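Trainee: Single-letter residue listing:
Protein chains: 4
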Amino acid sequence: MSQPIRRICVLTGGGDAPGLNPVLRALVKTALELDLEVFGAEDGFQGLIEPGRMIRLDRKSVRGILPKGGSILGCSNKANPFHYQTGPDTYEDVSAQVVHRLRDHDIDILVVVGGDGTMSMGSRFEPLGIPVIGVPKTIDNDLGATDWTFGFDTAVGTATWAIDALHSTAEAHDRVLVLEVMGRYAGWIALHAGIAGGADVILIPEIEYDIERIAKKIRQRSERGANFSIVVVGEGAKPIKGDTATLSAGMPGHLPRLGGAGARVAAELEGRVPHDVRVTVLGHIQRGGSPSNFDRVLGTRFGVKAAQLCRAGQSGTMVALRGTEVVAVSLESAIDEPKLVDPEGELVSVARSVGIELGA
Amino acid sequence: MSQPIRRICVLTGGGDAPGLNPVLRALVKTALELDLEVFGAEDGFQGLIEPGRMIRLDRKSVRGILPKGGSILGCSNKANPFHYQTGPDTYEDVSAQVVHRLRDHDIDILVVVGGDGTMSMGSRFEPLGIPVIGVPKTIDNDLGATDWTFGFDTAVGTATWAIDALHSTAEAHDRVLVLEVMGRYAGWIALHAGIAGGADVILIPEIEYDIERIAKKIRQRSERGANFSIVVVGEGAKPIKGDTATLSAGMPGHLPRLGGAGARVAAELEGRVPHDVRVTVLGHIQRGGSPSNFDRVLGTRFGVKAAQLCRAGQSGTMVALRGTEVVAVSLESAIDEPKLVDPEGELVSVARSVGIELGA
Amino acid sequence: MSQPIRRICVLTGGGDAPGLNPVLRALVKTALELDLEVFGAEDGFQGLIEPGRMIRLDRKSVRGILPKGGSILGCSNKANPFHYQTGPDTYEDVSAQVVHRLRDHDIDILVVVGGDGTMSMGSRFEPLGIPVIGVPKTIDNDLGATDWTFGFDTAVGTATWAIDALHSTAEAHDRVLVLEVMGRYAGWIALHAGIAGGADVILIPEIEYDIERIAKKIRQRSERGANFSIVVVGEGAKPIKGDTATLSAGMPGHLPRLGGAGARVAAELEGRVPHDVRVTVLGHIQRGGSPSNFDRVLGTRFGVKAAQLCRAGQSGTMVALRGTEVVAVSLESAIDEPKLVDPEGELVSVARSVGIELGA
Amino acid sequence: MSQPIRRICVLTGGGDAPGLNPVLRALVKTALELDLEVFGAEDGFQGLIEPGRMIRLDRKSVRGILPKGGSILGCSNKANPFHYQTGPDTYEDVSAQVVHRLRDHDIDILVVVGGDGTMSMGSRFEPLGIPVIGVPKTIDNDLGATDWTFGFDTAVGTATWAIDALHSTAEAHDRVLVLEVMGRYAGWIALHAGIAGGADVILIPEIEYDIERIAKKIRQRSERGANFSIVVVGEGAKPIKGDTATLSAGMPGHLPRLGGAGARVAAELEGRVPHDVRVTVLGHIQRGGSPSNFDRVLGTRFGVKAAQLCRAGQSGTMVALRGTEVVAVSLESAIDEPKLVDPEGELVSVARSVGIELGA
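Residue numbers (my numbering), protein chains in the order written: chain F, 17 to 376; chain Y, 17 to 376; chain R, 17 to 376; chain P, 17 to 376.
One thing to keep in mind: the hints can contain errors.
Pairs involving identical chains hold if they fit within one copy or between any two copies, as the list cannot separate such chains.
Calculated pairs, EDC-like style, for lysine to aspartate or glutamate (alpha carbon to alpha carbon, straight line, at most 20 Å) [stated by the list, open to error]:
1) K233 - E341
2) K76 - E239
3) K254 - E224
4) K232 - E49
5) K94 - E286
6) K76 - D190
7) K355 - E66
8) K355 - E224
9) K254 - E66
10) K233 - E49
11) K257 - E224
12) K257 - E348
13) K94 - D190
14) K94 - D292
Everything labelled a hint here was simulated from the structure, so no lab data went into it. Source: prediction; values computed, not measured.
Using the sequences plus the hints, can you model the full thing?
Mentor: Written out as structure tokens, the structure reads:
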């Protein structure tokens, strides 16, 4: 770009993840140091569609936010400027409006912090004349373009803590305890937390499970004197075909948000094992809480790098972690296929090596 | 008692609670110091019914157990020696067998650590010639005879931590987050954790709730700009009559353990409020984890006192906390009516004063 | 008082303690509900001496502060209005000025949250025509008028966590680890944390220690195969007379804030035991962090009660916890002798019973 | 190697680090699955020098150790078989004895878990005919051959938690709080924790500090209204030449273990800033505690890989993390120059970008 960058705008889209505030803090502090002005749009793209929702961010705006979960800008995955709901059944392309608003505020670069959805929307503004820089965010860690995303470590930490807690009570009684964790498409959280917590069974979306294998594992443990088992279930885990039909009657299908996968596994196990089966559904607790030190450092590094890319005018890029380096990759790389757990990969093999049953 | 006490046996009955191991450690260490021998029966009364399940406890047995949840002896609420299941449909009174086994081991006093059920069974052995001393245990804190029971503080801490985590993510989105916590009959955990975590709504078994009041509170908060709400639900919370019928269709009645109360409240709120409603069911996590410092100190004090009562031969008693003192009360006092939350009491009034809606 | 109370002012004096913000939040919310206006003075009495430092407190002022350590009003133990430093060596009585400022703002009651120093200053305003209500605060729990003070449980929790962490590393090596905790005059934190964490030695100000006894305990443990020991030292712990002289040469007397007691005990032990001796000084970490659930509930109850006392015009009183009840006691009761650990009392006896050496 | 590997022996050398137990657990479980027998030597090389200290490890040996700090084998950095202390002033090369003992037990491969010292000793056994495989361990993360080492994330987490706690209390008073953390030669812990915790100043061994620059930063913050500052000091931080002389008088040189660096910085600041300065010395707490989820997963992956390398007979190698992959590198790579913080590198630049003063 020929003319100097003077003013940038940042938004946080999609579901929230611990580490967003460290990103915003580092971005704002670095940008100000580099003589850039910073605006923030509230509630993701919503803040660029509705008037009066772009706020100026200064050092005071980001004071004390480093250890906080959530995002001071608010997140939203509802507003798609290219398909924006304007009535009960009407949708409009309001992207021109967004472009207009950004120009109106003399914004030189738009920084979008978000997952593949947000990044995809962001990249569509480039051809409309709005330079865009991305910061990847997915609590599920399922983005191939970066080794790690912030938020994931915190979520795994929360799930691991839960498994630790379940262990002590499971040992006191003869019980099977099912823990449902996040992960609709990718099983990284279940796999990492299950390994970290010493689960006996881990079920992930990438490996369809055979309930009878799981029951067998639990019974074998009982026979060897370990009268309890802990089963970690990613919310997208599914039984192998054939199982579904027979069990559908007892499924809480009307309450999908209640953690169908954990409840289903529990229902399937009852009768197959002689233990009481109890379920814990962690839900949104995994998105909350103070970001872990890992996520705070990663978020801070991403925020600093994004500001530096702004200053250098290197739009069309996204920050990423590769090994121990923070680098710039193309914005499109975020929109690739999600990085799923490889059923033949190292981490699954590690889980099997320490005796964890994966259901198939 | 005329002859000196030389040998005692301890068991932990009922559901486990953080603090049992501190009790056992303090009891064993103190008893040995007082020249008593100590045995432990495994899995509650089961260990007195089955042969070979009374083990000798020495200093080594209790080394390193202070920070651990659960009970090294195992808990069980299944074996009732006065009504013991011996076949699919047959029950027998095996209490004479228990008396015989205790005599066979020259046990002078039986120490029962447990809730009202365990304490009630224990007290029935006194007329059979077995001196009994009690240590009260209820994670629900619903025992009138003692100001506090161990385990409760840890459980409230876990639930409070969960509310803290939900807060940060709730603030980032527009959401109603429902958290189901323990408490089938008594709402102490919900009430303490809800006050400590700054919940917007707390529902407890002692106060039947009007779902419309709750929805109104949530809508009012939205109108004042607070676009999220956190609803803490004790698992025994019930709607006021009349509500039940209309909602039964959508209830996950076939999965009562999945936290009916939290799921029900969520289902009832959907449609009544414009927010997404999500549910977290903490489940057994609340029983697990390392006991809090409060519970470790209380458990240790109870264990020391119980050993001293053994030494002094003061059977028929139970240890209890009154103000800042650990005292001995009658064993029967544990079997009184449970200590429920007083809907007109101070703590409910405190909750209302800080703006919490209690549903009625 | 004959005329109705309409406006109150609150200040937080002395060192900060986790739970101050819960007190302020509950006080403000309850007072507003009771149709009182609330002001807050910044930095303790300083905010009543300097102009422009009384701020109005509304619901927004206390939003989100429940889980936060510190005090949104700031604390200070420097400004004594009856002996106020006005120059390098000059002190003045500026109490008339404070009275004037409170009258100027139409303050009907002054609520002082603080320890014996703050409470003592507060009570001297009563005869000057300023009604005062007290909320007791001492992280050391050394106030006889109330069973517990907020902040103490959090501080003990932090110290207990530290002992837990030291245990795992101590076991891996042959080491004596000394942990210095708060407690200049009262040993409650050391005693509670030491019992909760399973310390081998606890040294408190109330019991002068014989270093040789401690060394003997450590050597005895080694002989029994426990090749590490953990020594918890309250910062006011002192050796018995006679020891002091011989050791003064090696004392870090020029760095008293560095935790003289812990350093001194470590220096005294070196040479007396065959282990490496290492020291951890927790320092202000104990005052910080999010208040525990116990302290949040207690702080909230105190804040609500204080607001109710204001409404009822019951000045000259202080809130207090007695058993499970929050009551009003006389303001003077806070200024009594501090509640020290009784060397012959139950808690010391409990510590000895579980094998802890107290140094004498 | 021509003949099949059947029996391996593992030891943990050097200072302990959270994650050692996960390594041992994964190594043992995987090795047994691969039909290897596993022995463990107690207290590092000491267990290969003294008789009777090689114990058989089976599944039961490693049960429940995943969440525990320390090492079930014990660590030691005292016994160097090539320079072993046999008398007050006598040292001997006892390596032949170690070789003999390993041969006597039919050990095919020795697995050494340790830092550069342990790895260096291990590699000297290869030419003596003992195949060796390494697992890198350094809590300081200063090993160039691997992107991350286990233990580091836990230590940074503990230090970050401490900074968080100090923040809340620092804000309530006008104070400078100095936190001394581990890191004698490498400043990674101070740098990561300081960034994660939002420190105002970070001092590391790699950058000699100018105390006046630090004092200036603190005074500038005061002038801007931030009346507190948090200074994180790695234990190896040193002032630039010239400063040392003038300050030596007040140095606690006789108590180096008390955290000279933190104490020195505090002493140097007093007088230069108008605040009270307080010091916290974390000490061994940083080595303790339950390993973080990150360290448990990394330790588990390292343990599995080491067992697989044993099975394949690939001695002379060390496991390492590169990006997201666990790979085998040469054993010698651990003995390279330590990986120090680059004063011109990205992480230092990130720290400066968010406004942190590094002292030069």
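Trainee: All hints are to be evaluated individually against the structure, with a verdict given for each.
Mentor: Tested hints:
no.: 1; hint: K233 - E341; in the structure: neither (42 Å within a copy, 29 Å between copies)
no.: 2; hint: K76 - E239; in the structure: between (61 Å within a copy, 15 Å between copies)
no.: 3; hint: K254 - E224; in the structure: within (5 Å within a copy, 38 Å between copies)
no.: 4; hint: K232 - E49; in the structure: between (61 Å within a copy, 19 Å between copies)
no.: 5; hint: K94 - E286; in the structure: between (39 Å within a copy, 18 Å between copies)
no.: 6; hint: K76 - D190; in the structure: between (54 Å within a copy, 19 Å between copies)
no.: 7; hint: K355 - E66; in the structure: neither (34 Å within a copy, 50 Å between copies)
no.: 8; hint: K355 - E224; in the structure: within (17 Å within a copy, 43 Å between copies)
no.: 9; hint: K254 - E66; in the structure: neither (40 Å within a copy, 41 Å between copies)
no.: 10; hint: K233 - E49; in the structure: between (58 Å within a copy, 16 Å between copies)
no.: 11; hint: K257 - E224; in the structure: within (8 Å within a copy, 44 Å between copies)
no.: 12; hint: K257 - E348; in the structure: neither (35 Å within a copy, 51 Å between copies)
no.: 13; hint: K94 - D190; in the structure: between (45 Å within a copy, 11 Å between copies)
no.: 14; hint: K94 - D292; in the structure: between (41 Å within a copy, 12 Å between copies)
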